[in-house]
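*Asks:* Chains as they are written, first to last, in the numbering used here: chain V, 1 to 685; chain S, 1001 to 1275.
To be clear, the hints were calculated from the coordinates, so they are not data collected in a lab.
Keep in mind that the hints are not guaranteed to be accurate.
With the Cβ distance kept under 8 Å, some of the chain S side facing chain V (calculated, not the full set) [to be verified]:
no.	residue
1	A1170
2	A1171
3	D1173
4	R1175
5	E1186
No residue lacks a Cβ here, since even glycine has one placed at the ideal position from N, Cα and C.
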Amino acid sequence: MTQANQSLLIDNFTLSYKTESGEFRVLENIDLGIARGEVVGLVGESGSGKSTIATAIMQAVQGKIATKSGEILLGDTDLSGLTSDQLNAIRGNRISMVFQDAGASLNPTLALGEHVIQVLRRHHSMNRVEAKNESIRLIEMVGLADPELMMTKYPHEVSGGEKQRLVIAMAFACDPNLILFDEPTSALDATTAKNILDLFRELQRKTGVAALFISHDLGTVAEIAHRVAVIYAGHIVEIAKTADLFHQPRHPYTRSLLASLPNPMSQDNAHNLLSLAGSLPPRDAPLLGCVFAERCPFVESKCREGSIVIHDDEGEIESHRTACIKWNEALALPLTETVAVTKTVPSEGDQQQILEVVNLSVRIGKHTFIDRLFGKPPKMIHAVSNVSFSIHSGETLGLVGESGCGKSSLARALTALRDFEGEIKLEGQSFKSPADINKLYRSKLQIIFQNPDFSLNPRQKISTILSRPLKLYENISGADLQGAIDNLLEQVNLPVEYKNRYPHQLSGGEKQRIAIARALAAKPSIIICDEITAGLDASVQASIVNLLDVIQRERGIAYLFITHDLNLLSHIANRVAVMYLGQIVELRKAHDINTPPYHPYTEALLSSAPILDPDVEVRRIRLEGAIPSRIGDFKGCPFESRCPRRQGDICSSDDPTGKELSTEHKIWCHIDQDSLMRMPPIWKI
Amino acid sequence: MIDILKRLVKQPQGLIGAILFSILAIAIIFGPMIAPYDPETFHFGSRLNSPSLDFWMGTDQFGRDIFSRLLWGARSTITLSLLATLMATVIGCTIGVISGYIGGRFDEIVMRFIDAAMAIPNLLFSLMVVTVLGSNATNAMIAIGIAFTPGMARVARSVTLSVRTLDFVAAADARGESGLWITAREITPNILASVIVEGTIRVAFAIMLLATLSFLGLGAQPPAPEWGLMVSEAREFMFKSGWTIFWPGIAIATVALTFNLLGDALRDVLNPKTH
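Please model the complete structure; the sequences and the hints are all you need to start from.
*Replies:* Structure representation (structure tokens):
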């Protein structure tokens, strides 16, 4: 690798921490160059060391360091040799950083403008007036409306997307050589994230800044990066141009990572997602051979000897490098025998309606004493308004929408955790208020929560956790109870010994399996899955999804699968309900999600979903503004304020009626049927 | 249990706390046997003697051996403070968890009463209780227990509020568990760590409060070898014969320190995520 033209060069960088059990290897032999004007994506699972690379570049590694070797060069400057004063002059000036949580990287007691002004004054020694004018220019540049007003606002007064825009303005303030992005869009909604990515792409093109873009999400990286590096357990296993990496992944890890992601573009949804067995290798023992050997389907004895030679295509910096000794032979082999899954959609005849929801509304808030005293109307948030849908046995209904659309409130109402109005019919029995809900209902309708760290009591053993539904609903006790617990663990593919463990002794995926087992213990006919794979790595997500699939086929359980991930939804669901601002705006079949017509909001959501294939052309639809407030009653279509296809006053004055466009396809929109039918598809290959 | 102890002594604070606690425990259990003299025997020939080979910590104004008095006094002083704290913890925790779990108007009302009770300083509160019940050691203990209850209830309630928003409580609610199970088995184990830490710190306060009450003549009555009472009686002689106030003072400080150290160490040990 040559140094000319390099914005950043990481040369043979190794880092390890001192721990009680010995040396903990964090990063090993990292070689990574970023050319001027280039965006390099860095992709890896949680715990792979990807964020540590960013902290290492910033020279901000904390903790007891055992070894640290190699060079990190910014242009010609070796960063590791600098004093803290010299580093402070570089940080925020020549290198800047954008973090995942913009809320945490802004000082809540400072106005937004002050943040930018301080960066400018610190590094460009501008006076206040100059800095202020420059800040206004920057804030305008990142697409924030009314920059002067924006300068005076405080972080809590603006939305997450606006905060992230401001952080980007700060990052660009000093014309840096390099910007480090650490999961900048992970905490944002899909439509907002897309806007941020667009903004960065445009600014990058204008300024020619180099960037390292760290993410766990391959789809996001595919969109923004010129080259992508894949990191596994502290080793970069493959680097290639984005298109090459997605079309011809060489390293078995990269291949399995791609195979574990649901891809709505492949018509191949009949196949299981790939999930690798095992987990990251122990990092406190010395490593012999390939870091991926334990989980690699093509492993041979030679993979476990000596160090792995990195295969480098002849040529310059932009070559395709693969840390695998037999990628060439392995490429011809399939990863695993993919199991064909025939989605058993029950035929019309034996479709038994399990759950029917009629005009369900959830209102949160109360009429406080003070408000009543002054005669003010109650401040009620309409979390869910007049939602109706039904689910059949053995079917998966996907519920998709952005944060704050009311999907979790709906789940909580269905489990009687929230007050609701309207009617819920479960297996023919009608329930009109939470007080009606009985033990039978509770056992038949189970819920799995997003984060098993919170949904499993950390002070209870797995056996206690699993025994509760058995005792409550089945009256099992004594010796039968142990057998039933063992049986449950086996059903979710966990070893029986786990029953004596505490939740924190299990990995994230295993914990979620316990939560599934607990739901199964009640012998439910429907399970609500509330974002249950949101915090999991792709491979673990794939194994959970496959498990749910097996359970459904064996027992005919219906799922209400709540998620914000459209790709996953098109893989797992039979039908999709799209929710916006507490209302369902579209109900459709999942398999033909790329076939118009769409509700304008569905259209925008689809356009924002990250697509794995860089060749797919996505019709661009961007939403402006934020989700409006839901306090008080409103009239008309909920999407009216942001709709790119707004029809006119009718949208804000009349509630749209559901249009039945074909069987099982309903859209609540004022646009006439013919115009809807003429919509082009979102994705084009 | 053995496991918890093992992890406890692995930490420096835990180790020091545990060593100090064992010394205190020996004094409580074997004190009267170790003590060289009877705590109430007057040695008229050697009043206000400075520490010597005969009297290791010196003698007080009546010629009583201070070392023996401390050893005898450990039993009543420490045990009473522990019991007072235990009483406050159990009652306070029950009130706090139930109030926090039920929430709403019930919680509002309970908490306003707690606030009212907390507005009265602990000492004043216990003075009132002792005045009503009559001054002796047991009543002093009950008084301290009652005085500490509102504070414990507050702590228990605030932790309960944060625990009850977690999904495992929602899961239990959705399952249709009884209120008793949810409060006793889902919430209480998760607030115990904070409550125990708060409790151990309060043991130190209880000792001092008990000493204060005895000092004011409302707790243990002379000639009982209670530490607070000893400090109170030694006050007149503290400038000429400093040891008379020094040793009981040190003893009270040591107990306070012991429970503080144990409290800090227990907080870490009782958190399942740290091991």
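*Asks:* Confirm or reject each hint.
*Replies:* Hints versus structure:
Contact between A1170/S and chain V, as hinted, is supported at the beta carbon level, the nearest pair being about 6 Å apart and thus within 8 Å. Among the interface hints, the one on A1171/S holds; its C-beta lies about 5 Å from the nearest C-beta in chain V, closer than the 8 Å criterion. Interface hint at D1173/S: satisfied, since its Cβ lies 6 Å from the closest Cβ of chain V, which is below the 8 Å cut-off. With 8 Å as the threshold, the beta carbon of R1175/S comes within range of chain V, its nearest partner Cβ sitting at about 6 Å, so the hint holds.
Hint status for E1186/S: holds, given a least beta-carbon distance of 6 Å to chain V, under 8 Å.
Of the numbered hints listed earlier, not one is contradicted by the structure.
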